[in-house]
Amino acid sequence: MAFATAARERRRSTMSSRRRSALTGWLYASPLAVFVIVLFILPLGLVLQMSVSDWPLLGGNQGVNFPDNYVNAIDNRFFVDSVIFTLKYTVAATVLLIGLGLGLAMLVQESTRWKGFLRSSFLIPSALGLASASLLFYVLYSPSAGPFADFMERTGITFLGTPTGALWSTVFLIVWRYAGFYMLLMLVGLQGIPDEVYEAARIDGASRWQIFRRVTLPLLRPTFALTVVLCVTGSLLAFEQFYILTKGGPDNSTITVVQLIYNMAFQGQNDLGMAAALSIIVLGALIVINIFQLRAFRSPDEE
Amino acid sequence: MTSILRRPRKVAAGLAAATIAIVSLAACSSSGDDSEPGGSAGEAPEISAEGVDDGTTLTLWTRAPMEKQANLLVEAYNASHENQVELTVVPNDDYVAKVGAAAGSDGLPDLFAADIVYVPNWVQQGLFQDISTSIDALPYKDEINKGHLSAGTYEGSEYVLPFVLDLSMLFWNKELFEEAGLDPEVAPANLAEYADAAKAIQDLGKDGVYGTATGLNCGGCLVFTWFPSIWADGEEVLSDDGMESLLASDTAKDVYATWQDLWASGAVLPASQDETGATWTQQFTEGNIGLMFYPATLLSSTPFDAGVAGIPGPEGGASTFVGGDGIGISKDSENADQAWNFLTWLMSEEAQVEVLAKNNDVVSRSDFANNEYAATDPRLVTINEVAGNGDTPVAINFQQAFNAPTSPWLELVRNAVLNDTGTVDADNDAITDVLSQ
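Residue numbers (the working numbering), protein chains in the order written: chain A, 1 to 303; chain B, 304 to 740.
Be careful, since some hints might not be right.
[As the list claims (entries may be wrong)] Residues from chain B shown here face chain A by an in silico Cβ test under 7 Å; the list is partial:
1) Asp577
2) Gln702
3) Gln703
[Unchecked claim] Just so you have them, the derived chain A footprint on chain B, three or more residues with Cβ under 8 Å:
4) 420-429
5) 578-586
6) 707-716
[As the list claims (entries may be wrong)] Here are the in silico distance ranges between beta carbons for each label pair:
7) A:Asn61 - B:Glu385: 51 to 61 Å
8) B:Gly569 - A:Pro67: 45 to 55 Å
9) A:Ile74 - B:Asn673: 37 to 47 Å
10) B:Thr724 - A:Leu283: 56 to 66 Å
11) B:Glu488 - A:Phe239: 44 to 54 Å
12) A:Leu283 - B:Asp439: 30 to 40 Å
13) A:Asn290 - B:Asp736: 57 to 67 Å
It is worth saying that the hints were derived from the structure and are not from the lab.
Here a beta-carbon is modelled for each residue, glycine too, at the ideal position from N, C-alpha and C.
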């Protein structure tokens, strides 16, 4: 389009029309530009400024404090633990969500009689906000108010009482909440694969497994790229579910990186500068991780 | 600060103003009351001791645990004054974040209450206006709770008055005591007797009934209920400057050992292990717990016959944590004179006795301790008496060291009671590290 516009402009080659079309272009672009500046560039600039400033929550900006904020953020006694825990959670959530999403999508696609019923029942949890879903599970897991309270008392099993239990109970919530959403994305990908390819494979005598391995999976590559990037980024930024369910407990075993940022800013240290520094570190890490992911999922003919 | 020109609405107030010469608490914050009717040409050069009651709308923030008391106080004030207070109640966990965000954008309400353990830090950060001159002029200043006043004093200036006092007390369920063959009228005299009573009630084997309960994942609850056991034996928990933790003393270790034993014996409500504070008192209120260290503000909402005593230490004695919230005028308030009107009313007999004491709450002024309502309930007399032996710890980094979900104090308690790791000394050093930052 840019070329076409340029070519047209060259043909006309009058100053006034060129100026007019430039103005129209700016007008078209300006609403988005305003949104990007107000909602993205300005907050990012503020976080950058905070991250190099001594900025207590209650006291406001107290001047430059670089690079101490970054050093202190990394020196925090929960930094390493929270990074390890976040990665662990991300791997668990991503493997389960992508696997289940694909499985559910194929189930829904194959089944004919129950298609509508299955599709809606998998998708309904996605209609619930994550915070509301977490509160729902908080009660469900509660050893005093939940429906499993008697069971927990008899067996001595608690959902959120041990580090492993807390991690998997939270992963279960996330799977329940998001599996339907990933199923939907996978379903779109599956439906994008032309029937002719399957037909050709069947004529060539391929088994179901061979079709899945050699036809479905390779052709789902763009869908995998989308879902994995979404899932990894979302999981690395996990906050609400842990904030509501575990508050980082028991014994500080379920602190995610974002929760650490929140704790630094609002729960104790009340140091916005250090929290902003950690946010910038996380932002940098996310950019690097996503560049790698997009590279890895690029289809061979794009290179 | 210069004095300001002001025409008090009421003649009486004007007279009071003339006699008690107070330098303005907020000279710069005139609130456009030039249009006030009834002002004479010769304007009074200072505000009245009672502040200004001219129909201004004041905003007041408090946290959820104080909701009941705050509602009663605001209702009573609004009914008897032209100023109207708009109360906003914020969930406990979100309160610091909300105040922080408002402080950063100069959007604090006229008045706001703060957990008394956070007050030293917030005062130092300049969130409150200096009201020393006004407080010093109060004829009953010496009667106001000293723990709260000193928590709100920074470099010799006073910023905060007590809003609602909350004391931690030993509560016991008389019915369960009787069933277990214990004397329902006599409180356990020391921690060992406390543990014995809890085990006796546990041994009843009643479904869903436990000996005792606490908030083992709630730093604030543990500070509130376990510090008094250490004070009761004459030990300290913090150095005077609030920079060093003394929580590895022999007394403190005795306290942890008692609880470790109670936990191991199964006499503690199992949910206590993960209790983050939202529901830590619930099971006692429902009558399922034999005895526990419990906030006195909940006396009025405890539906059954409960006994009340001070919190004992390993050797006996009795103490309490004088907690609750302090209240001050925010740095952003432009209605400081009207806000002061609310604060003086809050300290008056009308508020302390007719609102707080009537609701079975502890009064903030010692001269009202033996009021008519306390006389009808001997438990209130007990609470007021123990309040005199209580303490309020003061430390700038209190929140990070004790209340935060990731606090080293929580680690110490969980290690000592749940995991029995024997690392009290090292964990105590970790608290000192945070306190001295």
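Inset, instruction - Please verify that hint: B:Asp577, Cβ, nearest Cβ of chain A, below 7 Å or not. - result: Since the shortest Cβ distance to chain A is 5 Å, the answer is holds.
Legend entry - A:Asn61 paired with B:Glu385, Cβ distance criterion 51 to 61 Å: 39 Å, violated
Inset, instruction - Evaluate the given range 45 to 55 Å for the C-beta pair formed by B:Gly569 and A:Pro67. - result: 51 Å, holds
Inset, instruction - For the range 56 to 66 Å, tell me whether the beta carbons of B:Thr724 and A:Leu283 fit it or not. - result: 37 Å, violated
Inset, instruction - Closer than 8 Å, Cβ to Cβ, for at least three residues: run that test on the stretch 420-429 of chain B against chain A and report holds or violated. - result: holds (count 4)
Legend entry - chain A contact restraint on B:Gln703 - CB to CB distance below 7 Å: Holds, about 3 Å.
Legend entry - Outcome, coverage hint (the stretch 578-586 of chain B, chain A; C-beta under 8 Å; three residues): holds (count 4)
Legend entry - Distance restraint hint 57 to 67 Å, applied to the beta-carbon atoms of A:Asn290 and B:Asp736: 37 Å, violated
Legend entry - Claimed coverage, the stretch 707-716 of chain B by chain A - three or more beta carbons nearer than 8 Å: holds (count 5)
Legend entry - Hint check for A:Phe239 and B:Glu488 - Cβ pair distance inside 44 to 54 Å: Since the Cβ atoms of B:Glu488 and A:Phe239 sit about 51 Å apart, the hinted range of 44 to 54 Å holds.
Legend entry - Pairwise beta carbon distance, A:Leu283 to B:Asp439, judged against the given window 30 to 40 Å: The hint (30 to 40 Å, Cβ to Cβ) is violated, given that A:Leu283 and B:Asp439 are roughly 51 Å apart.
Legend entry - Restraint satisfaction for B:Gln702 [CB to CB of chain A, less than 7 Å]: At 5 Å from the nearest chain A Cβ, B:Gln702 passes the 7 Å test, so the hint holds.
Checked against the numbered hints listed earlier, the structure breaks hints 7, 9, 10, 12 and 13; every other hint is satisfied.
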